[in-house]
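> Heads up: the sequence lines are chains A and B, in that order. So the first sequence is numbered by this note's numbering: it starts at 1 and just counts up by one. So the second sequence is numbered by this note's numbering: it starts at 325 and just counts up by one.
Please note that a few of the clues may not be correct.
To be verified - Now the in silico label distances, taken between C-beta atoms and shown as ranges:
(1) B:Thr367 with A:Arg142: 21 to 29 Å
(2) B:Glu440 with A:Leu124: 46 to 54 Å
(3) A:Glu208 with B:Thr347: 48 to 56 Å
(4) A:Pro298 with B:Cys393: 31 to 39 Å
(5) A:Arg142 with B:Glu440: 34 to 42 Å
(6) B:Thr397 with A:Arg226: 34 to 42 Å
(7) B:Glu440 with A:Ala303: 29 to 37 Å
These are calculated hints, taken from the structure and not from any lab test. All residues carry an ideal CB built from backbone N, CA and C; glycine is no exception.
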Amino acid sequence: MTGLDDAALLAVVAIASALGASALPRATWPRRSPAAAILLWQALGLASGLAAVGTLIGLALPASDGGLVRSVLHAGALLRDGNVFGVAAMFGFRGSGSASGNWPAMILAVRLTCLAAGLALLTLLCWVLLAALAAALQARRRQRELLTLLAHGDPKVPGALVVDHPSAAAYCLPGLRSRIVVSVGTLELLGRRELAAVLAHERAHLRERHDLVLLPFTALRRAFPRSATCTDAHRSVALLVEMLADDRALRGRPARELVSALVRFGTAGTCPAPAGALAAGEGEVAARVTRLLKPVRPLPAVAVLAICLSAALLVAAPVTLLLV
Amino acid sequence: MTTVNRLGELERAIMDVLWDTDTSLTVREVSARLTERNLAHTTVMTVLDRLAKKGFARRERDGRAWRYCPAATRETYVTELMLTALAQTGDRTAALTRFAQSVSGVEAEVLRDALEVIEGSGEGDDGT
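Just chain A, same shape as in the assembly (with noise of 0.2 Å):
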């Protein structure tokens, strides 16, 4: 296949995973089983930034031959030994009789104008994900050394750390020291069973390590804040590991426990945010209390696996044709 080709491809891959990241936000079925419904928005998040990246970069090559990735190498090669003709060949230009030859200068310039936006995009996708990283393990970092100046541990909830503060607050801090934090507010507010509750929410947050995949969809909205796309499905993702972590919470304990707690933290209207800082997780807790009280069906293993299997295809499409 030609560069051409493959960008005709990755545009398709690229524009059905954007209509697929704007209309899975109003779907219903994710809340039945958050886990298939994360791997999809992983699928969707990375086939839509390789798929981007790819269009870009085949309509600047649509004359490579093979892997994306390679035609980009060839080039970057070619360059190096100083084979100009080489590189103008991959760009399309075959001496004086090629079809592209009556504006080649302005062709050229389009080109190039796609090669340097792909390259651009991809840097700045690998940017992001890096500033978001440093900036989480920075926080971490800080709170890791204030906790070690003023909390303590309490009986009351055995492993987890313990903050004097009369505020409602009970968090996790992941990475390899992990932690579980928890407000003497919290130890006034909620019972034994509630605040186990909590602790086994914390730790299932804390085992399947939901901060990584938080990760990059926080990244993708720092970058473009005004992207509803990425707003939502920050928001959607973030609320399906809520989801995932109450599931978890719930084995083996009523769903009783985990719901009043849910819901005198909710309630107990520690810090009131300034207006439309909240919209940001509005109906957020009455949507996890709604699922606990009235509980969905899973989704039947049939469907779990064909929303796999999309998610592998669909991140599969654009690695095949970047590479192969």
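With chain A fixed as given, assemble chain B onto it according to the hints.
Below, chain B without anything else, positioned relative to chain A:
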């Protein structure tokens, strides 16, 4: 891992001494106020130096010795911890995951109703 914990314990004990004293202290004065008395002078000095580097303690020259005091009150640091944990914007979600955030008016009403229903139906609650 144990050395890390040990170092953390020392940092914490020394910050407690600094927080509980109104004036700034020399290394020797900090050592004297620690409950654990048999610490080497150099150990206390190293930990104070670390705390100063991390910005938790401030130090000033007093003749040939350094005098140390806390950079901020304990409450300031607790507030910093909680503000990060309670941040509503969701920007921190990658750094730490909260159990639940507080909700707005109408949603709170709905949730309180839900809780009443559960507590009405639930029997033998944990009695707190």
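> Are the hints correct? Go through all of them and say.
Going through the hints against the structure:
no.: 1; hint: B:Thr367 with A:Arg142: 21 to 29 Å; in the structure: holds, 25 Å
no.: 2; hint: B:Glu440 with A:Leu124: 46 to 54 Å; in the structure: holds, 50 Å
no.: 3; hint: A:Glu208 with B:Thr347: 48 to 56 Å; in the structure: holds, 49 Å
no.: 4; hint: A:Pro298 with B:Cys393: 31 to 39 Å; in the structure: violated, 58 Å
no.: 5; hint: A:Arg142 with B:Glu440: 34 to 42 Å; in the structure: holds, 40 Å
no.: 6; hint: B:Thr397 with A:Arg226: 34 to 42 Å; in the structure: holds, 40 Å
no.: 7; hint: B:Glu440 with A:Ala303: 29 to 37 Å; in the structure: holds, 36 Å
The earlier numbered hint that this structure contradicts is number 4, and it is the only one.
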